[in-house]
Amino acid sequence: MNELKLVVDNDNFFKLTGEVNISGSTFIGKEFKGQKVMAVEDLMTVTEMEKEAIKKVIQRIKDYMVCGEDYIKVDGDELRKLKEISDFHQGTNCPLVIPARTAHLLFFTRNGLDQITQKVDGGRFLWDALKREYFDVAEQPVFKVPQTFAEALMLAGQLETERAQLELENKEKEQLLIQQEEEHETFLDMFFDEGKAINIGTFAKITGVFGKIQMFEYLRNSGVMMQSNGNEPYQQYMKHFKICGIHNTPLLKCSSAKWLLNRMVKDNLISKSKKEWCYEEIKAKYSNDLDAVLAAAM
1 MNELKLVVDN DNFFKLTGEV NISGSTFIGK EFKGQKVMAV EDLMTVTEME
51 KEAIKKVIQR IKDYMVCGED YIKVDGDELR KLKEISDFHQ GTNCPLVIPA
101 RTAHLLFFTR NGLDQITQKV DGGRFLWDAL KREYFDVAEQ PVFKVPQTFA
151 EALMLAGQLE TERAQLELEN KEKEQLLIQQ EEEHETFLDM FFDEGKAINI
201 GTFAKITGVF GKIQMFEYLR NSGVMMQSNG NEPYQQYMKH FKICGIHNTP
251 LLKCSSAKWL LNRMVKDNLI SKSKKEWCYE EIKAKYSNDL DAVLAAAM
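Numbered continuously in full-length UniProt numbering, the sequence shown closes out at residue 298.
Take these hints with a grain of salt, some might be off.
[Claimed, not checked] Heads up, simulated DSSO-like pairs for lysine-lysine below, C-alpha to C-alpha not over 27 Å straight-line: (1) K285 with K266; (2) K131 with K62; (3) K73 with K51; (4) K275 with K212; (5) K83 with K196; (6) K30 with K131; (7) K73 with K83; (8) K81 with K30; (9) K266 with K239; (10) K212 with K131; (11) K212 with K173; (12) K212 with K242; (13) K30 with K62; (14) K239 with K196; (15) K274 with K239; (16) K51 with K30; (17) K196 with K212; (18) K205 with K272; (19) K83 with K30; (20) K274 with K205; (21) K239 with K173; (22) K62 with K83; (23) K33 with K62; (24) K205 with K131; (25) K275 with K285; (26) K51 with K83; (27) K239 with K212; (28) K62 with K73; (29) K131 with K73.
[As the list claims (entries may be wrong)] Derived CB-CB ranges, DEER-like: (30) E174 with H104: 55 to 61 Å; (31) K81 with A164: 43 to 49 Å; (32) M65 with G157: 47 to 53 Å; (33) K56 with P99: 17 to 23 Å; (34) L168 with E41: 34 to 40 Å; (35) M226 with R163: 32 to 38 Å; (36) E276 with L176: 18 to 24 Å; (37) E41 with D114: 32 to 38 Å; (38) G18 with D128: 53 to 59 Å; (39) P99 with L168: 44 to 50 Å; (40) E276 with G18: 53 to 59 Å.
If you are wondering where the hints come from, they were derived from the structure by calculation, not from laboratory data.
Heads up, the beta-carbon is just placed ideally off N, CA and C, and yes, glycines get one too.
Work out the full structure, taking the sequences as your base and the hints as a guide.
Structure (structure tokens):
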């Protein structure tokens, strides 16, 4: 493995990036001057085609391929440098083998592979696999262990800055969600009287996810209602409910139906399309908006 690392550290001129498995066929990933590439031998491996067959595919599309974009031609001083790397690691686990009489070497880029795979059997699936497992895989940054106390302090400062930034972003997202909820409630009030409310059991039946008992259990487990005190909503959620009768039964305000439906979407209980359908059902039954009632009846 040490021999391979020497090639990887070769001033970024040429790098071996490790083993790549494409549907059971394995080749060693390569980077030439910072760009992921594949050699003809790698193409033979992933397509399971002979060298002559691969050459015929390339011959058919060569007039449409652009040097420097679809493929890289390595010759002259650059080829000599690659040969030096190959000769230095001869007999080791380095997969780079360049015959002495080679005049030039071809590496194919991401664009080139896109064109080549279109001309082979199963090419669409092969190209998807190459993108997923090789070309579009980002290199993970290497974590550098601090060597001195000053470096450790600097790293701690950077981590604290990142943590504070993340905390600020989360607060901004939370504030935006609250604002969106308030906007939804304002919008819903246009359709519903503030006094109109829907029985929790009826709401549960419309959603088709829970029965009445399970809906109350969901509201308790999600922190909307207290575990005791007869399903009483917590103070911050009281505005969404109407308490009725001698038993203080909580009813969901129709103006807050979409609020609860949105919570159920976030908890992956219903889809967004199901949310809209449920809302239209509630609007048709409880709204004062004549257009909504007529639309539901037709």
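Discussion item. Hint by hint, where does the structure go against what was stated? Just the numbers, ascending.
Written reply: Violated hints: 5, 10, 11, 24, 34, 37, 38, 39, 40; rest satisfied.
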